[in-house]
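Chain by chain, the residues run as shown.
2 protein chains.
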Amino acid sequence: MKQILSHIDATLETSLQRLFSLLRIPSISAQPAHAADCRKAAEWARDTLAEMGFAARLSETTGLPGVIATHHEAGPTAPHVLFYGHYDVQPADPLNLWHSDPFDPQLVDGPRGKRIVARGAVDDKGQVVSFLEACRAHLTMTGKLPVRLTVLLEGEEECGSPSLAELLTKERENLKADFVLVADTNMWDFTTPAITTSLRGLAAVEVTIKGPSRDLHSGLFGGIALNPINALTRILGDLHDATGRIQIPGFYDGIAPVPDTLLASWTQLGFNPRAFLGEVGLHTPAGEADQLPLAQLWARPTADINGISGGYQGEGTKTVIPAQATAKLTFRLVPGQNPQQIVKNFETFITSRLPPDAKAEFKHFGAAPGFSMDLNAPFMHAAREALAAEFGKPAALVGCGASIPVVEAFKTHLGLETLLAGFGLDDDCIHSPNEKFELACFHRGTRAHARLLAAFAS
Amino acid sequence: MKQILSHIDATLETSLQRLFSLLRIPSISAQPAHAADCRKAAEWARDTLAEMGFAARLSETTGLPGVIATHHEAGPTAPHVLFYGHYDVQPADPLNLWHSDPFDPQLVDGPRGKRIVARGAVDDKGQVVSFLEACRAHLTMTGKLPVRLTVLLEGEEECGSPSLAELLTKERENLKADFVLVADTNMWDFTTPAITTSLRGLAAVEVTIKGPSRDLHSGLFGGIALNPINALTRILGDLHDATGRIQIPGFYDGIAPVPDTLLASWTQLGFNPRAFLGEVGLHTPAGEADQLPLAQLWARPTADINGISGGYQGEGTKTVIPAQATAKLTFRLVPGQNPQQIVKNFETFITSRLPPDAKAEFKHFGAAPGFSMDLNAPFMHAAREALAAEFGKPAALVGCGASIPVVEAFKTHLGLETLLAGFGLDDDCIHSPNEKFELACFHRGTRAHARLLAAFAS
Numbered sequence: 001m002k003q004i005l006s007h008i009d010a011t012l013e014t015s016l017q018r019l020f021s022l023l024r025i026p027s028i029s030a031q032p033a034h035a036a037d038c039r040k041a042a043e044w045a046r047d048t049l050a051e052m053g054f055a056a057r058l059s060e061t062t063g064l065p066g067v068i069a070t071h072h073e074a075g076p077t078a079p080h081v082l083f084y085g086h087y088d089v090q091p092a093d094p095l096n097l098w099h100s101d102p103f104d105p106q107l108v109d110g111p112r113g114k115r116i117v118a119r120g121a122v123d124d125k126g127q128v129v130s131f132l133e134a135c136r137a138h139l140t141m142t143g144k145l146p147v148r149l150t151v152l153l154e155g156e157e158e159c160g161s162p163s164l165a166e167l168l169t170k171e172r173e174n175l176k177a178d179f180v181l182v183a184d185t186n187m188w189d190f191t192t193p194a195i196t197t198s199l200r201g202l203a204a205v206e207v208t209i210k211g212p213s214r215d216l217h218s219g220l221f222g223g224i225a226l227n228p229i230n231a232l233t234r235i236l237g238d239l240h241d242a243t244g245r246i247q248i249p250g251f252y253d254g255i256a257p258v259p260d261t262l263l264a265s266w267t268q269l270g271f272n273p274r275a276f277l278g279e280v281g282l283h284t285p286a287g288e289a290d291q292l293p294l295a296q297l298w299a300r301p302t303a304d305i306n307g308i309s310g311g312y313q314g315e316g317t318k319t320v321i322p323a324q325a326t327a328k329l330t331f332r333l334v335p336g337q338n339p340q341q342i343v344k345n346f347e348t349f350i351t352s353r354l355p356p357d358a359k360a361e362f363k364h365f366g367a368a369p370g371f372s373m374d375l376n377a378p379f380m381h382a383a384r385e386a387l388a389a390e391f392g393k394p395a396a397l398v399g400c401g402a403s404i405p406v407v408e409a410f411k412t413h414l415g416l417e418t419l420l421a422g423f424g425l426d427d428d429c430i431h432s433p434n435e436k437f438e439l440a441c442f443h444r445g446t447r448a449h450a451r452l453l454a455a456f457a458s
Numbered sequence: 001m002k003q004i005l006s007h008i009d010a011t012l013e014t015s016l017q018r019l020f021s022l023l024r025i026p027s028i029s030a031q032p033a034h035a036a037d038c039r040k041a042a043e044w045a046r047d048t049l050a051e052m053g054f055a056a057r058l059s060e061t062t063g064l065p066g067v068i069a070t071h072h073e074a075g076p077t078a079p080h081v082l083f084y085g086h087y088d089v090q091p092a093d094p095l096n097l098w099h100s101d102p103f104d105p106q107l108v109d110g111p112r113g114k115r116i117v118a119r120g121a122v123d124d125k126g127q128v129v130s131f132l133e134a135c136r137a138h139l140t141m142t143g144k145l146p147v148r149l150t151v152l153l154e155g156e157e158e159c160g161s162p163s164l165a166e167l168l169t170k171e172r173e174n175l176k177a178d179f180v181l182v183a184d185t186n187m188w189d190f191t192t193p194a195i196t197t198s199l200r201g202l203a204a205v206e207v208t209i210k211g212p213s214r215d216l217h218s219g220l221f222g223g224i225a226l227n228p229i230n231a232l233t234r235i236l237g238d239l240h241d242a243t244g245r246i247q248i249p250g251f252y253d254g255i256a257p258v259p260d261t262l263l264a265s266w267t268q269l270g271f272n273p274r275a276f277l278g279e280v281g282l283h284t285p286a287g288e289a290d291q292l293p294l295a296q297l298w299a300r301p302t303a304d305i306n307g308i309s310g311g312y313q314g315e316g317t318k319t320v321i322p323a324q325a326t327a328k329l330t331f332r333l334v335p336g337q338n339p340q341q342i343v344k345n346f347e348t349f350i351t352s353r354l355p356p357d358a359k360a361e362f363k364h365f366g367a368a369p370g371f372s373m374d375l376n377a378p379f380m381h382a383a384r385e386a387l388a389a390e391f392g393k394p395a396a397l398v399g400c401g402a403s404i405p406v407v408e409a410f411k412t413h414l415g416l417e418t419l420l421a422g423f424g425l426d427d428d429c430i431h432s433p434n435e436k437f438e439l440a441c442f443h444r445g446t447r448a449h450a451r452l453l454a455a456f457a458s
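Chains as they are written, first to last, in the UniProt record's numbering: chain A, 1 to 458; chain B, 1 to 458.
No wet-lab data here; the hints were simulated from the structure. This one's a predicted model, so the numbers in the text were calculated from it and none came from an experiment. Wrong hints could be hidden among the right ones.
Which copy is meant is left open, because identical chains are indistinguishable; a pair holds if it fits in one copy or across any two.
What the hints assert, rightly or not - Under the rule of at most 30 Å between Cα atoms (straight-line distance), these lysine-lysine pairs were calculated in the DSSO-like manner:
#	residue 1	residue 2
1	LYS411	LYS318
2	LYS363	LYS210
3	LYS344	LYS318
4	LYS359	LYS170
5	LYS210	LYS318
6	LYS344	LYS170
7	LYS344	LYS393
8	LYS40	LYS144
9	LYS318	LYS359
10	LYS210	LYS144
11	LYS318	LYS363
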């Protein structure tokens with residue numbers, strides 16, 4: 001291992017040049033004008049993998065192709081890892097806010113040493129190349145990889161993965177593995193690696209409360225006529241109790257307490273909610289009063305009204321009692337909650353509170369459950385060991401308050417668990433001007449991936 | 001009196017022809033292209049009044065002129081009545097929904113006999129001419145009027161009365177009177193006259209709840225970050241208690257119980273709330289549970305949310321926690337409530353319920369008190385007597401849930417009380433296609449005005 005890591009250190013400059021050559025390809029999947037560039041990036045990855053000794057090919061879809069490469073010389077008893085990354089990038093605009101051409105990668109000085117600046121520097125080309133360079137170091141120094149490896153690179157992650165299900169279904173037989181390694185997440189901070197062990201799910205619903213058959217004059221009808229906005233606020237005002245607990249019946253059914261391992265990890269993180277909230281003008285955690293701030297973010301479900309509308313919205317005033325009022329809500333869900341049941345219970349919550357003459361209509365916009373990784377899975381133990389060895393401290397076991405669609409896709413289409421370990425930082429400006437990847441993160445990410453590959457094998 | 005009424009009956013056809021000549025003038029005040037028509041209608045009124053023996057003139061304003069005419073031969077001890085009406089009309093569109101030219105008045109058959117169909121048939125030309133014809137009958141049969149009379153006709157009532165304050169201020173000395181008679185309201189039904197004895201006031205306010213300094217992603221912040229829409233619905237959900245009583249502190253301070261005279265009159269009206277609400281798709285009175293439906297409409301204040309907005313309003317769903325959310329409210333106010341205090345107490349209601357980190361900003365759009373007429377004023381007794389004599393039953397003493405700006409203008413600028421008695425019906429389609437005035441209402445309105453003039457004198 002020592003020799004492999006030394007090789008990575010010694011060849012960092014060459015690794016960087018390879019990353020730069022990929023970063024120069026403006027593979028913006030959301031813009032049809034860049035379709036050829038996307039294909040060029042896919043071909044770059046295929047050729048790079050082939051040159052390293054992988055059996056590499058493009059897999060065509062109705063959209064942009066996937067790249068699939070296999071290196072199975074470790075033999076049938078070695079663990080089988082499916083690595084996932086994506087070769088496409090976000091659009092670069094607004095261009096005038098960039099300090100350099102987004103597709104002419106630069107190495108510039110920053111407070112933490114040199115940083116790589118380009119669109120895709122970290123998301124996800126930098127993360128992908130750091131993994132490929134780790135494979136290259138193994139292959140160069142030992143002539144083999146410690147695990148059976150399948151690499152899957154998607155070309156449409158930044159535009160909603162419209163063909164991912166098609167790709168996974170078509171290639172199901174070729175993507176068999178023991179688990180998936182996704183390198184598209186962040187470290188806890190510059191010195192602390194992280195493994196994301198849970199994701200929240202999401203259920204989205206819209207409710208419209210209907211009252212009078214037409215808009216009414218509040219002078220001629222006010223007082224005697226049902227006002228749908230008043231009714232909507234009265235009902236939604238009951239969503240939480242005074243302690244922040246959500247009042248939908250059965251909302252918390254099935255939720256397990258946070259495992260001690262995670263609580264212990266969270267406590268060590270020194271998370272400062274005032275600092276976290278201070279970045280967006282807030283100070284006080286607004287969730288359940290009896291829950292840790294990190295649990296409010298990662299382990300507890302939410303009921304957020306994302307939009308509300310009804311009646312007169314212009315300047316000034318209008319004496320109208322509108323015929324209806326609408327609210328859009330999303331529920332962030334945690335493992336154990338049944339998304340369909342939550343939506344059903346929400347509808348009951350609304351309809352059981354309707355005043356006379358009011359009707360409620362609902363629209364649904366999808367429902368997906370929360371995920372939690374098996375903390376006792378062998379790949380999890382291996383990953384924690386490898387990351388601790390590289391960084392000299394345990395990996396933070398973090399949650400993610402949002403969902404990561406690929407995790408659900410791998411579960412649904414391939415039946416695979418996912419290990420989320422990446423080396424970005426929260427201030428990397430992904431999707432924004434001047435996206436960067438700290439050179440140290442690229443370098444240590446490569447070293448960490450080399451250790452992860454070895455750890456998975458043992 | 002008998003002779004005067006007989007004269008009115010005998011000359012109905014001539015009275016109608018005079019009304020028709022005024023209806024043929026398209027005096028649409030909201031449309032600058034009809035400015036000359038408006039002036040023509042003003043001149044028609046001036047000349048008609050002068051021909052009857054009034055000292056009549058136009059009173060110029062920065063907008064359309066008023067018509068002022070005086071007939072003071074009844075002498076200094078006779079009561080002095082200021083009659084108010086307006087010579088302008090609403091626009092006639094949509095023209096394709098009219099069954100005849102809106103400015104070519106027709107006498108057509110209807111379920112209650114003949115009806116006059118034209119724009120302005122009742123609002124307000126028909127009501128004005130019925131009053132003028134009553135004056136004419138007095139003058140023709142007795143050579144005099146029983147009261148000192150000042151007639152004021154406005155030309156901008158249908159476009160918000162932009163010059164009324166200017167006109168009343170300029171002509172204050174010429175508009176001195178004991179009270180104002182406004183003929184611009186309706187009967188209770190086809191056989192029951194009505195006097196409007198109360199109007200609700202209005203206070204309008206907008207509240208914006210601000211939370212985070214920018215829109216947040218509900219996955220990355222949901223649960224820990226204050227959601228301003230949730231906060232707004234939670235606070236406004238407290239506006240009413242379960243019985244419909246408004247929870248703003250001090251909201252009901254100063255409100256006197258409905259006088260027995262009014263309660264007795266209301267009870268006799270046979271008001272059917274299910275029928276009234278059924279017209280607009282509702283069934284159940286939504287106001288304070290312990291109040292009569294008519295009291296909810298006329299005598300009790302309201303807190304209606306007229307508009308609400310925040311976050312994402314488009315199709316589908318968006319996982320946003322918005323930076324702010326806004327609601328627009330109006331309070332219909334009744335006599336005794338202090339509008340400024342109500343607004344202040346509403347702000348306290350909001351700010352005392354704000355969760356940590358939330359800020360509230362307010363905008364005000366005016367506040368006017370409710371009005372109630374003095375049921376014991378001599379002109380009120382006289383009016384009830386005259387209407388009962390003409391219709392063979394007592395006038396309904398009704399309330400109006402909205403405000404009537406001229407009533408407040410006369411109080412503010414001239415210090416005068418207003419008597420609201422008119423002869424329209426709720427189904428006259430004012431402001432709509434095929435506006436009509438029942439011929440019987442025009443006729444009995446003229447007779448009733450003749451009786452009213454006599455009654456005021458005694």
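Output the indices of the hints that this structure fails to meet, ascending.
4, 6, 7 and 10
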